[in-house]
Amino acid sequence: MRYIFTLLASLTILPSILAVTISGQIQYTDILPGNALPLGSKVSLNYGERKIWIKNDGSFEVPHVDEGEYVLEPLIPGYIFQSYLITVSPSTPPVLDPISPSSEDAKTPSSPTEPTFSIHVQPYYPAKSSLPLSSTSLSHPLTLVPLAKEDYFVPSGGGGMMILGMLKSPMVLMMLFSAIMLFALPKLTASMADDPEMAKEMAETRKKMAGFQNMDISGSLSNMLAGTTEDTPVVAPAAPVSGTSTPSRGGNGAGGKKRRGR
Numbered sequence: 001m002r003y004i005f006t007l008l009a010s011l012t013i014l015p016s017i018l019a020v021t022i023s024g025q026i027q028y029t030d031i032l033p034g035n036a037l038p039l040g041s042k043v044s045l046n047y048g049e050r051k052i053w054i055k056n057d058g059s060f061e062v063p064h065v066d067e068g069e070y071v072l073e074p075l076i077p078g079y080i081f082q083s084y085l086i087t088v089s090p091s092t093p094p095v096l097d098p099i100s101p102s103s104e105d106a107k108t109p110s111s112p113t114e115p116t117f118s119i120h121v122q123p124y125y126p127a128k129s130s131l132p133l134s135s136t137s138l139s140h141p142l143t144l145v146p147l148a149k150e151d152y153f154v155p156s157g158g159g160g161m162m163i164l165g166m167l168k169s170p171m172v173l174m175m176l177f178s179a180i181m182l183f184a185l186p187k188l189t190a191s192m193a194d195d196p197e198m199a200k201e202m203a204e205t206r207k208k209m210a211g212f213q214n215m216d217i218s219g220s221l222s223n224m225l226a227g228t229t230e231d232t233p234v235v236a237p238a239a240p241v242s243g244t245s246t247p248s249r250g251g252n253g254a255g256g257k258k259r260r261g262r
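UniProt numbering puts the sequence shown at residues 1 to 262.
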């Protein structure tokens with residue numbers, strides 16, 4: 001019975017022995033000075049499954065981390081940090097020491113031998129597949145370096161409207177195009193009128209477009225596609241050849257029957 005109680009007591013402390021503690025330190029830089037650690041700073045495992053507060057000196061410890069993969073995210077208000085993928089795998093299983101029968105205090109179980117663990121740390125990128133455990137691991141305890149400050153504001157352009165910003169508007173572009181055509185079209189028309197050939201083509205085009213204004217759509221389209229009727233020569237019907245005639249059936253021609261006399 002004594003051995004059974006000892007075994008049960010060992011099994012109760014076995015999960016805590018199999019777990020590891022993930023620790024790390026915030027590295028203070030010019031981006032994040034040592035006296036500017038915001039209140040509420042913490043680290044998160046697996047997107048908020050576990051959250052641990054960061055101490056005033058920038059250190060943190062996540063105890064009782066079981067075997068598996070974890071995504072560690074520093075949650076520092078106002079700062080951006082790199083996330084890490086941590087893989088915990090035991091290298092050797094724990095070994096329980098045998099209980100000596102001659103032990104004076106049989107109620108105190110012997111401590112099992114603590115196993116060795118392999119902690120693989122790598123940067124975490126959601127869009128990329130993770131590296132194998134055989135790849136080079138980052139050092140543990142972790143050193144978290146701030147990447148940049150969070151900035152959700154766009155700096156103003158000196159208090160006035162920027163010209164480049166105005167040109168991005170479709171309405172402004174339409175107004176500029178209309179203004180350019182308003183001043184450039186008369187000059188273009190005047191230069192085209194000085195050229196006789198160009199003036200002739202413009203007159204023909206106006207004549208063809210007049211059909212559209214008179215609701216003669218079918219005729220205007222046919223004229224524009226095949227040319228005007230004035231340009232198409234008129235072919236007169238062929239005249240019959242002189243000297244030829246078609247004999248009539250009722251006449252007294254050579255082919256008619258002779259009347260029989262009485």
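Just so you know, not all the hints are guaranteed correct.
Distance condition first, Cα-Cα at most 30 angstroms in a straight line; then the derived DSS-like pairs of lysine-lysine [to be verified]:
hint, residue 1, residue 2
1, Lys168, Lys187
2, Lys128, Lys149
3, Lys200, Lys168
4, Lys200, Lys187
5, Lys55, Lys149
6, Lys168, Lys51
Hints listed in this document are in silico derivations from the structure and should not be mistaken for laboratory results.
A quick look at each hint next to the structure:
no.	hint	result
1	Lys168 - Lys187	29 angstroms, holds
2	Lys128 - Lys149	24 angstroms, holds
3	Lys200 - Lys168	41 angstroms, violated
4	Lys200 - Lys187	18 angstroms, holds
5	Lys55 - Lys149	20 angstroms, holds
6	Lys168 - Lys51	46 angstroms, violated
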